[in-house]
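Student: Given next are the chains, with one letter for each unit.
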Amino acid sequence: MSVNVLRTTTARRRRTDQLARWALLAGLILALVPLVLVLLFVIIRGAGALDLHFFTTDPTGAFFGNQGGIKSAILGTVEIVALATAITVPVGIGLAIYTCEVGRQSKLAMAVRYFIDVLTGVPSIVFGLFIYTVLVVSGVFGGFAAWKGSIALALLMLPVVARASEISLMLVPDSLREAALALGVPRWRMIMQVVLPTAFTGLLTGILLAVTRAAGETAPLLFTVLGAQGTTFGLGDQMNSLPLQIFNDVRQPNPELVTRAWGAALTLITIIFIINITARLATRRNRIQ
Amino acid sequence: MSKHPKSKNKNTVIAPVKGLGVRIRALRAFYGDNEAVKGVDLDFPANQVTAIIGPSGCGKSTLVRCINRMHEETPGARAAGQILLDNLDIYGREVDPVAVRRTIGMVFQKPNPFPTMTILDNVTAGPRLTGAGRDGLRERAAQSLRDAGLWNEVKDRLNTPASGLSGGQQQRLCIARTIAQEPEVLLMDEPCSALDPGSTQRIEELILKLKTRFTVILVTHNLQQAVRVAGRTAFMLDGSLIEVGPTNHIFNTSSDQRTEQYVTGKFG
Amino acid sequence: MLSRVTSIIRKARPDTAPAKQADAVFRLSLQILALLIVALIAYFFIQLAIASGPAFAHTGILDFLFKNDWDVAHNIFGAWPLVAGTLITSAIALVIGVPIAVTAALYITELAPPRLREPLAITLDLLAAVPSVVYGLWGVFILIPMLKPAEQWLSQTFAFLPFVGGPVSGPNYFIAGLILAIMIIPIVSAISREVIATVPIQEKEGALALGATRWEMIRLAVLPHSRAGITSASMLGLGRAIGETIAVALVIGSAPTIGDHIFDQGYTLAAVIANEFGEAGPGSLHLSALIAAGLVLFVLTLLVNGIARWVVLRAANRNHATPALQVEP
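For the protein sequence lines, the chains are A, B and C, in the order given.
In this text, residue positions in the first sequence follow this note's numbering: the first is 1391, and each later residue adds one.
In this text, residue positions in the second sequence follow this note's numbering: the first is 2, and each later residue adds one.
In this text, residue positions in the third sequence follow this note's numbering: the first is 976, and each later residue adds one.
Keep in mind that the hints were calculated from the coordinates and are not lab data.
Keep in mind the model is a prediction, meaning the values are calculated, not measured.
Hints are supplied without guarantee of correctness; some may be wrong.
Capping the alpha-carbon separation at 30 Å, the derived lysine-lysine pairs in BS3-like fashion look like this [stated by the list, open to error]:
| hint | chain 1 | residue 1 | chain 2 | residue 2 |
| --- | --- | --- | --- | --- |
| 1 | B | 111 | B | 210 |
| 2 | C | 995 | B | 111 |
| 3 | B | 111 | B | 39 |
| 4 | B | 111 | B | 156 |
| 5 | A | 1497 | C | 995 |
| 6 | B | 267 | B | 111 |
This is chain A alone, in the form it adopts within the complex:
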């Protein structure tokens, strides 16, 4: 029989293999269960809270009766994160250009890479403390303010943007740099008009992932923007935000506030997931091309 020509794998080895395969699959399932459970409960508990009123009114802060919606929280998150992004993007990409195109192996470039690495590991609450001692306690243009929260978030986003940008710049083939230089293009124009456009998708992905991380952060905002009830567009004022709203509502044993927390959580997760998945699909499509 031809089958006998093949030395059979012993039954024991095959059983071990099967067992190991199941164990690895079990690991994957265990990892995915919490995601399913979190999403499930956020949707079940949160969906009921969502209506037009929920999105168009501010929290009232009243002790009894109508508690209001989350309008100021949504707008606050958008404002604070937008300012943080506006600060981070030029600085983060600038640092990446420095380490990748200009400084390369110089001592300063190595130092920047090292410090960016250090920043990556710093707990977000420590950024909040830092901004609190430097800008809030010392009373730079008043006490708590939205822009101070933006700076704390910018510190948090900086390593994400800088590293993602450095990686995308390194992925730009050297042949394009050579092509530009051989045409007699000055280095800065080569970087701005050939390298950066080529790396665009990678840069965008890094920025979007940093935005999703910042949008969900509570800790750095506790000490910097403090929170507020009403809608404000003044970046120098205290401001509300979705994570702060949830954090404050969770700690009150009032069913109406807890429901609002679930609704706010559903809103926040939806925003974050949309940005996050967009970012990942963008890189993926780019890589396939």
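With chain A's structure known, arrange chains B and C on it following the hints.
Tutor: Okay, now just chains B and C, sitting in the frame of chain A:
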């Protein structure tokens, strides 16, 4: 293509211009401690195609990269010696490498059009990104594309991405991009090694036309190519120039044993 | 002839001279930016050290770290209960999270059908995008009530083990550790996937060609090659767990004492900062103590991340001699 009836036809024949020659004196080039070019003296006469041949690692690519000062862009690389464009030492203290590269154009081994730009933008990239005037940019682009023999294939899709072209078309686009910068000397570093035979033939025909206006320096590992297009050939081995002379002489009547062995395929 | 060349230079001069300047300005401004960032991060560290000075001066650094007495009302700041709570919850997170993260990474890279790999990876990465406050909310209202019976059963059945038996409190170390485990799984798993992906295909095919089963291939070729990377991934996960604030603050129980067992209430450094910050007035010793707690947290994560980097570097040096200077053609 020279007999195309409708277009302003005098343009499709490259107008002859007396080019500038290049002379290399005692050139040495290094990567870190590794000496890749070990003291070479070599002349490239104007309006001729000179081929540089030799086994891989012999320093021929490094040599041409020194001629437009691209060599120094490699980290840890440096060069010493003189390279004279006409009578100007391009390694002179007062010379800006950026100006040198505008005057001495380069075409690389693999086609490298800018992927984010359209065909038209690729051709005009040189003038646009070096801050030269924008006047007549479109005409200049059209002329360069005609000179590179690509106009008829792309004239209807100038605003489509350059990445949509075939490899051979991309390489001719890169040649058009280089000559749109109106250089004096054209360096070509194995320009056909990534292309199919058909595209290679078109580019070789193009090189023969281009020499009426430029001084062409062609690095090639394809010995037949050197015979087909080059009037003169230089043979390099292990960082040194072994021999230079009329192509015919190098390939048929060379008295140097190493040259003879290389061109008859005994090594390399 | 000579005039031709000089004309080339002249032609080049007018626009290259500013170009050269522009290049220099570009380079210089980037250098200044880089210097500013390095200075900012140094200032960051120094500022925290200065602001925590009063607390360290009042308590003494060793007492601050190792004294088991956090009594705000009496201005006594021995942060050992917080340090211990941070270590306990992080340890629980590692014990639960790392095996799950690594097996999931192995399944995705080695066993899953190729078409499913990318979607599975993206889905798993989404765990990291869930905001910490949402995990806290979910922990308080879903996880704590859901797991209470199971915890009680565990605590009774395994009471003979150390640190297990005892009355189960709602919020406790175990719940906090479990949530931290969920939060570090995507990070540990993503880095492990990257590490596993760098195992040379020849080694894997070599094992398979010898007649190894899939699992034997993983054990013989994949795991030895990625051990250092996985260790480093776990350390980075640990760094995350140590610094995580909001989710933990909501489910740890906020008791500034060391619990008797893992189902008891406690506190962590990060959680104490978040919860007590509102009560600590500017300039108070309490605020200084909270900032000191932040500094300890910072140094802890710095150490842990440093170890992660060291593990990778050591493995890289051992496996491959430093590559010689690369010579480009």
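Student: Indicate, hint by hint, whether the structure satisfies it.
Tutor: Hints and how they fare:
1. B:111 x B:210: holds (22 Å)
2. C:995 x B:111: With a Cα-Cα distance of about 29 Å, the restraint between residue 995 (chain C) and residue 111 (chain B) holds, given a limit of 30 Å.
3. B:111 x B:39: holds (26 Å)
4. B:111 x B:156: holds (23 Å)
5. A:1497 x C:995: Distance of about 24 Å is within 30 Å: holds.
6. B:267 x B:111: At roughly 28 Å apart (the allowed maximum being 30 Å), residue 111 (chain B) and residue 267 (chain B) satisfy the hint.
In summary, this structure violates none of the numbered hints.
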